[in-house]
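> Let the hints inform the model, and build the full structure from the sequences given.
Those protein sequence lines, which keep their order, are chains C and X. Letter by letter, the first sequence follows residues 1 to 442 in this note's numbering. Letter by letter, the second sequence follows residues 1 to 442 in this note's numbering.
For the record, the hints were derived by calculation from the structure and aren't laboratory data. There may be inaccurate statements among the hints.
No copy labels: a pair is met if it fits in one copy or bridges any two.
Derived pair list, reagent style DSS-like, types lysine-lysine, alpha-carbon separation capped at 27 Å [what the hints assert, rightly or not]:
#	residue 1	residue 2
1	Lys94	Lys40
2	Lys155	Lys140
3	Lys349	Lys293
4	Lys45	Lys189
5	Lys155	Lys144
6	Lys197	Lys439
7	Lys290	Lys439
8	Lys262	Lys6
9	Lys189	Lys140
10	Lys144	Lys439
11	Lys439	Lys140
12	Lys197	Lys144
13	Lys50	Lys293
14	Lys262	Lys144
15	Lys190	Lys144
16	Lys189	Lys144
17	Lys288	Lys155
18	Lys190	Lys140
19	Lys293	Lys190
Here the structure is a predicted model, which is why all the values come from computation and not from measurement.
Residues per chain, in single letters:
Protein chains: 2
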Amino acid sequence: MADKNKLHLTAFMRPVSLHTGAWRYPGAFPDANFNFTHLKSFIQKLEAAKFDAFFMADHLAVLNMNEEALKRSHTVTSFEPFTLLSALSVVTEKIGLAATASTTYDEAYHIARRFASLDHLSNGRAAWNIVTTGNPESSKNFGKDEHMQHGDRYKRAREFYDVVTGLWDSFADDAFIRDQESGVYVDPKKIHTLNHKGDDLQVKGPLNIARPVQGWPVIVQAGQSEPGRQLAAETAEVVFCSPPNINAAKDLYNDIKGRASKAGRDPNHIKILPAALFIIGDTVEEAKEKRLKLDSLVHYDSAIASLSVALGTDASGFDPDAPLPTDIPETNASKTSQAGVLRLAAEEKLTVRQLAQRYGGYAGLAFIGTPESIADELESWVSEGASDGFTVTFPFLPQGLDDVTQRLVPELQRRGLFREDYTGTTLREHFGLPRPVNKFFS
Amino acid sequence: MADKNKLHLTAFMRPVSLHTGAWRYPGAFPDANFNFTHLKSFIQKLEAAKFDAFFMADHLAVLNMNEEALKRSHTVTSFEPFTLLSALSVVTEKIGLAATASTTYDEAYHIARRFASLDHLSNGRAAWNIVTTGNPESSKNFGKDEHMQHGDRYKRAREFYDVVTGLWDSFADDAFIRDQESGVYVDPKKIHTLNHKGDDLQVKGPLNIARPVQGWPVIVQAGQSEPGRQLAAETAEVVFCSPPNINAAKDLYNDIKGRASKAGRDPNHIKILPAALFIIGDTVEEAKEKRLKLDSLVHYDSAIASLSVALGTDASGFDPDAPLPTDIPETNASKTSQAGVLRLAAEEKLTVRQLAQRYGGYAGLAFIGTPESIADELESWVSEGASDGFTVTFPFLPQGLDDVTQRLVPELQRRGLFREDYTGTTLREHFGLPRPVNKFFS
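The structure is reproduced here in structure tokens:
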């Protein structure tokens, strides 16, 4: 039953916690997000726990330009992914290094080259999280008044992927001869010039770097929209998604694996890793208290705006310390989102303040409990076909990370659910993914 | 007379030698260009010798698409600068890290962000070599059929510089409060939104990373054309140039320092570092023999094309082992270039083959001699106002680098011409350059 290669764990880092209250939690390093010494210790702990990858989120703008939220944001300053991950590659040996890079606001030649370079520097540990950049603020940093439309972004992303993978295949794996005697360094017959001319991109090539160690760095995607799912099914090898619960996760899992099969791919070669917040306590109650404590560190003024969005109605006039009013008007925005708030308020008996702080902090999928209770849940998810593992987000650092690496991971290992050591050296090997055949030389 | 802060040395790395025969020299590592272990040892030797900076050249295409030259090129594959320098930042402590980045084929927001990130990772050691990318092959890798005209490239470069430096100043140096108690992370009044709308660029800002440790990374430029000199005089803090001899160097030195004064700058805050090849022997004769040996490793078929270009006439029919014919036709191309070839042929009594191999390898400024004879020359250059130091290119590695760091540098130190240790921690401190005042917060 247990398959050590079945459950995969990546650490979703921004590069610390997604939770807006994380930096204020007792024991947290407030500057961890922008402190290389701390980040080095985090990734080394993740590697010691045999995580598949350190996965760096990214944005191409300062988010939350609302002043109340902005002044409380611990991710307003951040390292750029390629520079940070390249530095981290030197202080690690096995853990994968996933960088987010945009197909909307960058050049395919640059992206192909940087990932190839990171893959060579890390001896085959790079992954590309393909994003189309949803935040409209970004467009204004790149000379565009109007954000590119969703459908156009995905069309461009698909072409961009073809160009980048084509550029990675510029050199055959055995192109380099380096014979000092004859003076022949490279075999020109083993260099391919792409000459791509498509709707969105024109890129000649060849790329000026050898084929990546992994052939292609691992392809990661996060799309959940219709075109996002289809792009993932056609191209992704790891899918990062945000289902609210196990049933939604199963639907998504089956949908994406089914689409991958239809696209002619082996569904085992696409790993679905829902994102979740992990909070661990000695008891389930203690873990829940940690979460309430964490949520309480989200400032009410910035939190209430998030609740208003989720409810589809202005919540700023509600009594913060009372339950949610029973007469919330029907929304023209997302009815699913409003229903989620109402269900959460009823289930956990939260006040308006607590609800607001949940939405202002992190309101997605969460595993809150003891190492044993969480291991039970994860085992169910994987054995019932809801996921191939998880994209782990930490509530606060270093303690929340230590709880996962030192308490949850050993419990998973005891059950035979998670590797006790790496069996390969490349990220593809960690995930059990094949090395792609070169499109032009095979 | 001797001023230890007067002579500066940067190592010009591509990331190994510029010389096309370098990888074939006895004792050379043929794959050094693309081998992180070797590159790490090179930069650590340069740091032990107290070099100001490791300066990485770059191209945005595979050069030399002529098959004969291509198959012999040891730089056809190369790491991308930001990924390599970020990795090298982890294994060094003091030496500067200069990356080449193009204003023609990249986005100002990306460039500003990556240099800021490298500067933070390295604790203030980043430098930006601003290039406009002269190689027309590059344009085809970035969706453009036509290469941007020279004047247009420089106009865009000037605006790009303004935008990048403006983005670096997005945050005041004291913007970050990080008060866990009150929950205030950053002071919004200390964040500046650039809102740049110019002829070539529209960039809103703010940048999503704190102001660099150095305020701005050190600005390097290599322009020698009229607009290149003017851009350097207005913006550069280190100028990398290629005068053929000391007299040409003095003219260039005076011209750029004079232009800087006219632009209202302190000429001491712009360091002029001519590029030169250094070959060291026990005797001057031995050093010259090393050079002939090195040149002999350039393949004749690719070398003769370079000589033809320099002469402005087809040299492929000449007898390789005879002196240059006396009846070379007048050229419509560069008369200065042809005159240089004729002078070199006469002075060094070179055969056609040797001349071709010189031009196919490296035909620029070179210091060939003993540690003492070269130190004499460098002392003259600096004391006579021809340079503030040198951009050192190595003939082959590791030996050519070891000769400079272990034999020439100690001789310069004995004479009190070069630092015996770093006196600061940032690259600006190594160069004696001021930290720029924030444009928006002072």
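> Hints first: check each against the structure and report whether it holds.
Tested hints:
no., hint, verdict
1, Lys94 x Lys40, "both (14 Å within a copy, 20 Å between copies)"
2, Lys155 x Lys140, "both (21 Å within a copy, 22 Å between copies)"
3, Lys349 x Lys293, "within (16 Å within a copy, 83 Å between copies)"
4, Lys45 x Lys189, "neither (45 Å within a copy, 37 Å between copies)"
5, Lys155 x Lys144, "both (18 Å within a copy, 20 Å between copies)"
6, Lys197 x Lys439, "within (17 Å within a copy, 43 Å between copies)"
7, Lys290 x Lys439, "neither (51 Å within a copy, 44 Å between copies)"
8, Lys262 x Lys6, "within (23 Å within a copy, 68 Å between copies)"
9, Lys189 x Lys140, "between (43 Å within a copy, 21 Å between copies)"
10, Lys144 x Lys439, "between (34 Å within a copy, 25 Å between copies)"
11, Lys439 x Lys140, "between (36 Å within a copy, 21 Å between copies)"
12, Lys197 x Lys144, "both (23 Å within a copy, 11 Å between copies)"
13, Lys50 x Lys293, "neither (29 Å within a copy, 51 Å between copies)"
14, Lys262 x Lys144, "neither (37 Å within a copy, 36 Å between copies)"
15, Lys190 x Lys144, "between (39 Å within a copy, 26 Å between copies)"
16, Lys189 x Lys144, "between (41 Å within a copy, 26 Å between copies)"
17, Lys288 x Lys155, "neither (43 Å within a copy, 59 Å between copies)"
18, Lys190 x Lys140, "between (41 Å within a copy, 21 Å between copies)"
19, Lys293 x Lys190, "neither (60 Å within a copy, 30 Å between copies)"
Violated hints, listed in ascending order, are 4, 7, 13, 14, 17 and 19; each of the other numbered hints is respected by the structure.
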